[in-house]
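A.B. asks: Sequence:
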Amino acid sequence: MLTIGIDIGGTKIAGAVVASDGRIVEERRRATPADDVDAVLDAIAGVIEELAATHPARAVGVAAAGFLDAQRSRIVQAPNLAWRNEPLRERLEQRVSLPIVLENDANAAGWAEYRFGAGRDVAHMTMLTIGTGIGGAIVIDGKLFRGGFGGGAEPGHTLFQPGGLPCGCGAVGCFEQYGSGSALLRMADEAADAAGPGSALASARGSEPVLPASALIRLLEDRDPSALAVLERLGENIGRGCASLGAVLDPERFVIGGGVSVAGELLLEPIRRAYFAAAPAAEWRPRPDFRVAQFANDAGVIGAAELARAEAPPS
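Numbered according to the UniProt record's numbering, the sequence shown spans residues 1 to 315.
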């Protein structure tokens, strides 16, 4: 049985027809229209109609960034589209003749990994998506955890450093200020300042006000010691943040996704080391393992389609 998955990004809308084994059959992409809700909805509907025209799909799953209501019918707040209290499910169902299942994008990505990817052989999984911030998905006993109001599974906004750096959410000291891709670039800039003008990091920054991500990636690819030291610090921060999550959730596996995860073992090794140093009663508690996510940019559409398959009403 085929379903369609849609992933609404700030710059693009990705859509795919997905088989019951998680395989992508066909996909489409469109630019996300700027600042116009109706234009975005029309673009999403257009992608759905194109895919459904050649593949008889039973339902559509839609993954969107931001906070959803408990019924998963409305986007309460979406940072990349400036949506507020938008009844997305209802408005899409008015445009297409298929049932819509709405989900947070990080939850959808985590569900793809749990069903078909790096978490497929465990019942308890915690996924962190390391990007500009830190997204997350929590699977407990084979079920996605969303919380009582639909806004759970936000590990990036757990407290990491009391009185620490301000966060865009309005709090201070949030985990994502210390364990995200943005944090990696900030720490690289700080290291460049500390090392001085002749250092590899400062030279890579050149005349730019901040070190470009592309320059840091090149240094990491070249195994520059100063860049690797910054990545190690990031991994240690992620490991300590995971230790706090592990004390509450006790997952069998942590899955690390997002752009930074391409570093593989260079990132996972300091994560593991810091986790087991910080985890309570680590000497006798069973140890979770840590793996890199499998699906990269396809996780959102695969997970959304699989949730639609499981949750859409029978046709």
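Rather than coming from a laboratory, the hints here were simulated on the basis of the structure. Be careful, since some hints might not be right.
Said to hold, decoys possible - Cβ pair distances, simulated, as ranges:
{"hint": "1", "residue 1": "Glu26", "residue 2": "Pro197", "range": "50 to 56 Å"}
{"hint": "2", "residue 1": "Asp42", "residue 2": "Gly163", "range": "27 to 33 Å"}
{"hint": "3", "residue 1": "Ala277", "residue 2": "Thr132", "range": "24 to 30 Å"}
{"hint": "4", "residue 1": "Glu90", "residue 2": "Glu190", "range": "46 to 52 Å"}
{"hint": "5", "residue 1": "Gly173", "residue 2": "Asn85", "range": "53 to 59 Å"}
{"hint": "6", "residue 1": "Pro209", "residue 2": "Asp289", "range": "35 to 41 Å"}
{"hint": "7", "residue 1": "Ser207", "residue 2": "Val248", "range": "17 to 23 Å"}
{"hint": "8", "residue 1": "Met1", "residue 2": "Gly163", "range": "48 to 54 Å"}
{"hint": "9", "residue 1": "Met1", "residue 2": "Asp69", "range": "24 to 30 Å"}
{"hint": "10", "residue 1": "Val248", "residue 2": "Asp42", "range": "26 to 32 Å"}
Stated by the list, open to error - In silico EDC-like cross-links for lysine to aspartate or glutamate, where the CA-CA straight-line distance does not exceed 20 Å:
{"hint": "11", "residue 1": "Lys143", "residue 2": "Asp36"}
{"hint": "12", "residue 1": "Lys12", "residue 2": "Asp36"}
{"hint": "13", "residue 1": "Lys143", "residue 2": "Asp38"}
{"hint": "14", "residue 1": "Lys143", "residue 2": "Glu252"}
{"hint": "15", "residue 1": "Lys143", "residue 2": "Asp121"}
{"hint": "16", "residue 1": "Lys12", "residue 2": "Asp38"}
Where a beta carbon is used, it is the ideal one built from N, C-alpha and C, also for glycine.
A.B. asks: Taking the numbered hints from earlier one at a time, note which ones the structure violates and give those numbers from smallest to largest.
C.D. replies: Failing hints, ascending: 2, 5, 7, 10, 11, 13.
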